[in-house]
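Let's have the full structure, built from the sequences with the hints guiding it.
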Amino acid sequence: MKKILPPEELARDSRFVRLSMEDRFSDRRSPGGGGSTSGRTGPTKLTPDAPQAPDRARALMHGIFVGEIQALEGAGRTCWDFEVGPHFDEVPFALKLDMARQCWDEARHCEISIKLSEWMGTELGEFAESTFLYEAACNPDPVLRLTGVNRALEGLAIDVFNTMREFGQSAGDPVLEFCEDWMLADEVTHVKMGSDWLRRITEKDPDRRERALEFQRVVDKLFSLGGFRGEDDDSPIRLARKFREMAGFTHEEVDEISDLSKQARAEGEARLAQANAS
Amino acid sequence: MADSKKPRPAFAPWDRRELPGMFDVEETARRVGHYKWVEMRLFEALGGWVATVPELDVKLRLGTHCYKHAWHADLWNKRLPELREMNTERLTVPPNDEFVTFMDAITEPEGPDQTLEKLVGVYRVLIPHKIAAYTYHLNNTSTITDAPTMRSLRFVLNDEFEDWRDGEMLIQSLITDEADVQRAATHQARCEGLIVKAGGIAGPGSIGSTDVAVPEEVTA
Chain A
1 MKKILPPEEL
11 ARDSRFVRLS
21 MEDRFSDRRS
31 PGGGGSTSGR
41 TGPTKLTPDA
51 PQAPDRARAL
61 MHGIFVGEIQ
71 ALEGAGRTCW
81 DFEVGPHFDE
91 VPFALKLDMA
101 RQCWDEARHC
111 EISIKLSEWM
121 GTELGEFAES
131 TFLYEAACNP
141 DPVLRLTGVN
151 RALEGLAIDV
161 FNTMREFGQS
171 AGDPVLEFCE
181 DWMLADEVTH
191 VKMGSDWLRR
201 ITEKDPDRRE
211 RALEFQRVVD
221 KLFSLGGFRG
231 EDDDSPIRLA
241 RKFREMAGFT
251 HEEVDEISDL
261 SKQARAEGEA
271 RLAQANAS
Chain B
1 MADSKKPRPA
11 FAPWDRRELP
21 GMFDVEETAR
31 RVGHYKWVEM
41 RLFEALGGWV
51 ATVPELDVKL
61 RLGTHCYKHA
71 WHADLWNKRL
81 PELREMNTER
91 LTVPPNDEFV
101 TFMDAITEPE
111 GPDQTLEKLV
121 GVYRVLIPHK
131 IAAYTYHLNN
141 TSTITDAPTM
151 RSLRFVLNDE
161 FEDWRDGEML
171 IQSLITDEAD
181 VQRAATHQAR
191 CEGLIVKAGG
201 IAGPGSIGST
211 DVAVPEEVTA
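Chains as they are written, first to last, in the numbering used here: chain A, 1 to 278; chain B, 1 to 220.
Derived from the structure by calculation, the hints contain no laboratory data. Beta carbons: idealized from backbone N, C-alpha and C, even for Gly. Take the hints with a grain of salt, since some may be wrong.
[Said to hold, decoys possible] Cut-off 25 angstroms, straight-line C-alpha distance, at most; resulting in silico cross-link-like pairs (SDA-like, lysine to any residue):
{"id": "1", "chain 1": "A", "residue 1": "K3", "chain 2": "A", "residue 2": "R208"}
{"id": "2", "chain 1": "A", "residue 1": "K2", "chain 2": "B", "residue 2": "T64"}
{"id": "3", "chain 1": "A", "residue 1": "K3", "chain 2": "B", "residue 2": "E108"}
{"id": "4", "chain 1": "A", "residue 1": "K192", "chain 2": "B", "residue 2": "W71"}
{"id": "5", "chain 1": "A", "residue 1": "K3", "chain 2": "B", "residue 2": "D97"}
{"id": "6", "chain 1": "A", "residue 1": "K2", "chain 2": "B", "residue 2": "R124"}
{"id": "7", "chain 1": "B", "residue 1": "K197", "chain 2": "A", "residue 2": "M1"}
{"id": "8", "chain 1": "A", "residue 1": "K192", "chain 2": "B", "residue 2": "D74"}
{"id": "9", "chain 1": "A", "residue 1": "K3", "chain 2": "A", "residue 2": "P92"}
{"id": "10", "chain 1": "A", "residue 1": "K115", "chain 2": "B", "residue 2": "L174"}
{"id": "11", "chain 1": "A", "residue 1": "K115", "chain 2": "B", "residue 2": "S173"}
{"id": "12", "chain 1": "A", "residue 1": "K3", "chain 2": "B", "residue 2": "V93"}
{"id": "13", "chain 1": "B", "residue 1": "K78", "chain 2": "A", "residue 2": "T189"}
[Said to hold, decoys possible] If you want a taste of the chain B side facing chain A, the calculated C-beta under 8 angstroms gives, among others:
{"id": "14", "residue": "F43"}
{"id": "15", "residue": "E44"}
{"id": "16", "residue": "G48"}
{"id": "17", "residue": "A51"}
{"id": "18", "residue": "V53"}
{"id": "19", "residue": "E55"}
{"id": "20", "residue": "L56"}
{"id": "21", "residue": "T64"}
{"id": "22", "residue": "C66"}
{"id": "23", "residue": "Y67"}
{"id": "24", "residue": "A70"}
{"id": "25", "residue": "N77"}
{"id": "26", "residue": "T107"}
{"id": "27", "residue": "E110"}
{"id": "28", "residue": "P112"}
Here it is as structure tokens:
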């Protein structure tokens, strides 16, 4: 079995439809895509009384489901791709054990997401899948991989699950609220793993730490999705400060993500204005 | 109420544990090192396969089982220093080259159309051999001096039985015609042949020996 499995080789059954990143971000119907901000004629926060709330919640849940599959695959590949050892392209034994634990957690999240999707009236494969999460899990440097996946993307998962949990509360859906609460607990654990390993492995290598944090910034900005995630009142996905700090983010690091989200939103709105003018 | 000062035996009448066991500390450490090595190779492979398997139910099971074998590796890793092996990497080795060849064959299937081979190698060959070797160890070690290893063996065996059942049911659900039967049997025979050459997951003697000493007058 080869090391580093490219995203195009991810195995899926016939129900799944793959969407390229380019198509994903140029599709106006996608969150943060081609101008998700085109819908910003009013608040786009996910609220139960919004006319599109059921479909948006179903689409988001399906996105969570495929994200969980890729998180499972990424953690599994980290178990396989790196040998145990002290060298640059090797990892500590305990890190591999953490990744195996994450495999189990992500497998449960897939199961939960499938049950929730059924509960919400969604069929698997009803929405397209893009492989952006797994792509971050292909970085050949294990520290960059862990930082990109466990801090940036799992950090986004904290924001998403917290938002969905609140949506479940406000919609009076105890099943949704219950499940999101459990998944949120796991995600805090995964982000903390990423924070801990980043600090431990790069303790004596500040350059590598900075490269990892820069990779995280790139991923964070990309997945601020044109302002889809942020701290504005109408942000569809709210930055979950309390849970991020539990997971090892400093106050300043959360501020930085908040700023990146504002930038992403401004850029999205500029793109929209340009598109509307042409 | 019973008199609390009345002498009682240290071993209650129902406690039949005995001191003798087949393995000394050194032999136990050797076996435990091999166990850790095989559990590591297994959890790495299961983790790697998750992305290569299109069947959703299999994908999720492999992710779950991956963690269990990693946990087993951690149990054995923690046991080694308790067996006077402070450099745990020294004994984290395969029992012999033949066992490496066997594990290479187990982890060789990669394509999305080879789920059956992946499962057969693990659940019809490797895990049954693990269950056999762990059971032999559990049944033959000193029930007093080696109680910590026995406790871990019981936890591990519980997982192995559950996972074997999961895997076997997945295999049965994937075998739908004679061609599948042949595919499964061919791969199983190949892997079984290789592990026989290796002598099992801890090398020759993994499950003891069934040879008996025959008196000369009988053989004459």
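*Hints the structure violates: just list their numbers, smallest first.*
none
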